[in-house]
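Protein sequences, first through last, are from chains A and B. Numbered according to my numbering, the first sequence terminates at residue 219, and the numbering increases by one at each position without gaps. Numbered according to my numbering, the second sequence terminates at residue 219, and the numbering increases by one at each position without gaps.
Just so you know, these hints were derived from the structure itself, not from any lab. Mixed in with the good hints there might be a few duds.
One copy or any two copies: either way a pair holds, since identical chains are not told apart in the list.
Claimed, not checked - Heads up, simulated DSSO-like pairs for lysine-lysine below, C-alpha to C-alpha not over 30 angstroms straight-line: (1) Lys129 with Lys98; (2) Lys26 with Lys98; (3) Lys114 with Lys98; (4) Lys98 with Lys54; (5) Lys129 with Lys114.
Nothing here was measured: the structure is a model prediction, and the numbers come from that model.
Protein chains: 2
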Amino acid sequence: MWHLYQFPLCPFSRKVRLALAEKGVAVELKRVSPWLQDDEFADLNPAGQTPVLVEESKGIVLVDSIAIAEYFEEVLDKAPMIPGNAIARAEVRRLVQWFDGKLHTDVVAPLMQERMIKRLVNRDAPDTNVLRKAMTAANGHLDYIDYLLDHRRWLAGPALTLADLAAAAQLSVADYLGGLDWRGHKQTAGWYAGMKSRPSFRALLSERMEVIQPPAHYDKVDF
Amino acid sequence: MWHLYQFPLCPFSRKVRLALAEKGVAVELKRVSPWLQDDEFADLNPAGQTPVLVEESKGIVLVDSIAIAEYFEEVLDKAPMIPGNAIARAEVRRLVQWFDGKLHTDVVAPLMQERMIKRLVNRDAPDTNVLRKAMTAANGHLDYIDYLLDHRRWLAGPALTLADLAAAAQLSVADYLGGLDWRGHKQTAGWYAGMKSRPSFRALLSERMEVIQPPAHYDKVDF
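Input sequences plus hints: build the corresponding full structure.
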């Protein structure tokens, strides 16, 4: 049995959970709070970051969401998430790095810091300047996804890929934390409604992070 | 002919250059300065980041160092940089993400900001507090590489992999910018001397970034 070390609002764990669900891999969730710097978890991953996926009976420890996703692409043929020829696969990986990197850094990480970590750890009020900057950046990112969807059925091309899962995972955390204004982003909202209605996504959307409540539209397919 | 858009101190371009040189792929370098936000370059890569690799005659544009490295792993069998079974490959990818992510963010990015961008763009003096923090973090990262090399011949296992190239690429930029104190890191220094003596690395070490000079030991194999 695979055990996934994660927390409900970790966007990288969400990406892995979506990929594993699409591929039909069962995982048992282990809740960790990386911001508490737990020694036992640091032994599993010196980076102190989620997700980590463990199969104890086989002595396998997989660290990092990219490494985990690529691992299951290699060992399981079902529901390929990095499909196509080498050029198509390069485009999937470009977009995954974009969403995991730039969308995360510009939008999701500051929202998590201000509206989650500060609430859970310091009990401080969020910095409204940081929030405003993140929400402005979010609008630019939604524009870019609109642009991709003007030219493609899914974000990386004609089929659902890891790029869609990476984007949906990051956006879902930003949406939970009230950081997205969907007005004026019809293409992205339509694509995201489709993502939300997938069985792989339903489980994620039903989870809550203690003390922090999402906006009312968060888990509605029709929003 | 492949054209690589890069600048001499871009650690991600260095990783790609090392991988391509190991594989025997010839590239012509195109110098760009991403911090100047050149529109033509932004058209190639909306993220505005190097490296971008272009084969104009075939209409191929590869963006992002991970996507480029994985592309050549798929199309060329020579000198595999992500070798072994799926678990070994997951370990290579974990470490590449660690060096590209954490080593870069903790050490290389602040050094580049303070000692390169400020010098080239603002002509401001570096913030000594930021530099001190980056150099303390560098020491911790060298400790971790020492630890890996206590248990392994190369960083990810018995063979040279993309993890070694990623680490050497990041460290070489930090070293150029005077951010590394090698005392007390015998294992890592020995491994890095081996990396420096590879033909793939010699070309990189001979290049200079205008106005910024590296310390005297920078390009010496015996340092």
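Next item on the list: Against the structure, test the hints numbered earlier, and report the numbers of the ones violated in rising order.
Entry: Of the numbered hints, all hold.
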